[in-house]
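Q: Sequence:
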Amino acid sequence: MKAGLDSLKWSMNAADEEQFEEVMGVAGKLFHRALENVQSAWEVRRRGGYATGLYASSIRYDGAQLAKMEALLNERVRPCVDQHYWLPLYSMGAFAIQREEDLGYRPTAGNQGRIGALRAPLPCWSAFTEGHVTAEGRLSACCFDATANWTMGDLNKQSFMDAWNSAPFVRLRAAHLKKDVRGTVCETCIAY
Numbered sequence: 019m020k021a022g023l024d025s026l027k028w029s030m031n032a033a034d035e036e037q038f039e040e041v042m043g044v045a046g047k048l049f050h051r052a053l054e055n056v057q058s059a060w061e062v063r064r065r066g067g068y069a070t071g072l073y074a075s076s077i078r079y080d081g082a083q084l085a086k087m088e089a090l091l092n093e094r095v096r097p098c099v100d101q102h103y104w105l106p107l108y109s110m111g112a113f114a115i116q117r118e119e120d121l122g123y124r125p126t127a128g129n130q131g132r133i134g135a136l137r138a139p140l141p142c143w144s145a146f147t148e149g150h151v152t153a154e155g156r157l158s159a160c161c162f163d164a165t166a167n168w169t170m171g172d173l174n175k176q177s178f179m180d181a182w183n184s185a186p187f188v189r190l191r192a193a194h195l196k197k198d199v200r201g202t203v204c205e206t207c208i209a210y
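Heads up: the sequence shown is residues 19 to 210, going by my numbering.
It cannot be assumed that every hint is accurate.
What the hints assert, rightly or not - Cut-off 20 Å, straight-line C-alpha distance, at most; resulting in silico cross-link-like pairs (DMTMM-like, lysine to aspartate or glutamate):
#  : residue 1 : residue 2
1  : Lys197    : Glu148
2  : Lys27     : Glu54
3  : Lys20     : Asp100
4  : Lys47     : Glu35
5  : Lys27     : Glu148
6  : Lys27     : Glu93
7  : Lys27     : Asp100
8  : Lys27     : Glu61
9  : Lys20     : Glu61
10 : Lys47     : Glu93
11 : Lys47     : Glu36
12 : Lys86     : Glu154
13 : Lys47     : Asp34
14 : Lys86     : Glu39
15 : Lys86     : Glu54
16 : Lys86     : Glu35
17 : Lys175    : Glu154
18 : Lys86     : Asp163
19 : Lys27     : Glu88
20 : Lys27     : Asp163
21 : Lys86     : Glu40
As the list claims (entries may be wrong) - Distance ranges between label pairs, derived from CB positions:
#  : residue 1 : residue 2 : range
22 : Glu88     : Glu54     : 15 to 23 Å
23 : Leu107    : Val44     : 15 to 23 Å
24 : Glu54     : Glu148    : 23 to 31 Å
25 : Lys197    : Cys161    : 18 to 26 Å
The set of hints was computed from the structure by calculation and includes no laboratory data. From the three backbone atoms N, C-alpha and C, an ideal C-beta is built for every residue, glycine too.
With these hints in hand, go ahead and build the complete structure from the sequences.
A: Listed below in structure tokens is the structure:
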């Protein structure tokens, strides 16, 4: 925040430890750490007077899950973020595809954005408007790329703008504009 970070966003998609472990596939005790991180960021921003935006999103399930999520969000998340918004259940790509099948989830097509402002899956808005940098410093074509399989450039070796305008990224965006992503890294997205 001190360095000028524009925003932080959390995905809050589990209502308790058990669900956190089941859906995320990690230790349930990390559920509380995740909630503490949201609160800590709010406190750091407040104490430092920083301009960093704090956001949270959640997958909009229905029934009992929605009620459990609303209670958690109202108590622990919404008081510590500038905005919370709901998302449809869409595939998280990479290793999540097997997890979705195991849990019986049926994602919607592609990355359609927020509930109340859904977009067509093609062209995917994210490939045109957002840079997604992996922990290793690679520019990915997709926010769901947890494994750097959709790398468009290596920021350790080139500038962001060179990677953003790289030949692979230009070809990928052209395919999106034609609404035909066969033969691209996007071909396996749930939408196609």
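Q: Would you mind marking each hint as holding or not holding in the structure?
A: Hint check results:
Taking the CA atoms of Lys197 and Glu148, the gap is near 19 Å; set against the 20 Å cutoff, the hint holds. Taking the CA atoms of Lys27 and Glu54, the gap is near 14 Å; set against the 20 Å cutoff, the hint holds. With a C-alpha separation of about 18 Å, the suggested pairing of Lys20 with Asp100 holds against the 20 Å cut-off. Taking the CA atoms of Lys47 and Glu35, the gap is near 6 Å; set against the 20 Å cutoff, the hint holds.
Between Lys27 and Glu148 the CA atoms are separated by roughly 14 Å; this keeps the pair inside 20 Å, and the hint holds. Straight-line distance between C-alpha atoms of Lys27 and Glu93 comes to about 18 Å, which keeps the hinted pair within the 20 Å bound. A threshold of 20 Å between alpha carbons decides the hint, and for Lys27 with Asp100 the separation of about 10 Å falls inside it, so the pair holds. Simply put, Lys27 and Glu61 have alpha-carbon atoms about 15 Å apart, close enough for the 20 Å limit, and the pair holds.
Distance check on the hinted pair: Lys20 and Glu61 sit about 13 Å apart at the alpha-carbon level, within 20 Å; holds. For the given pair, Lys47 sits about 18 Å from Glu93 by alpha-carbon distance, which is consistent with the 20 Å threshold. Among the hinted pairs, Lys47 with Glu36 is consistent with the structure: their alpha-carbon atoms are about 9 Å apart, no more than 20 Å. Distance hint between Lys86 and Glu154 is unfulfilled; the C-alpha atoms sit about 36 Å from each other, more than 20 Å.
Taken as a hint, the Lys47 and Asp34 pair is honoured in the structure, with Cα atoms around 10 Å apart against an allowance of 20 Å. Straight-line distance between C-alpha atoms of Lys86 and Glu39 comes to about 16 Å, which keeps the hinted pair within the 20 Å bound. A C-alpha spacing of about 18 Å is found between Lys86 and Glu54, which places the hinted pair at or below 20 Å, so the restraint holds. Straight-line distance between C-alpha atoms of Lys86 and Glu35 comes to about 12 Å, which keeps the hinted pair within the 20 Å bound.
For a cut-off of 20 Å, the pair hint linking Lys175 to Glu154 stands: about 12 Å separates their Cα positions. Restraint check for Lys86 and Asp163: not satisfied, since their Cα atoms lie roughly 29 Å apart, outside the 20 Å limit. Between Lys27 and Glu88, the direct Cα distance comes to roughly 18 Å. Compliance with the 20 Å bound is thereby established for this hinted pair. With a C-alpha separation of about 16 Å, the suggested pair Lys27 and Asp163 falls inside the 20 Å cut-off, and the hint holds.
Distance hint between Lys86 and Glu40 is fulfilled; the C-alpha atoms sit about 16 Å from each other, no more than 20 Å. Between Glu88 and Glu54 the beta carbons are some 20 Å apart, a value that agrees with the proposed interval 15 to 23 Å. Distance hint check: the CB atoms of Leu107 and Val44 are about 19 Å apart, consistent with the given range 15 to 23 Å. Under the hint 23 to 31 Å, the C-beta atoms of Glu54 and Glu148, about 27 Å apart, fit the expected range.
Between Lys197 and Cys161 the beta carbon distance is about 20 Å. The supplied range of 18 to 26 Å therefore holds.
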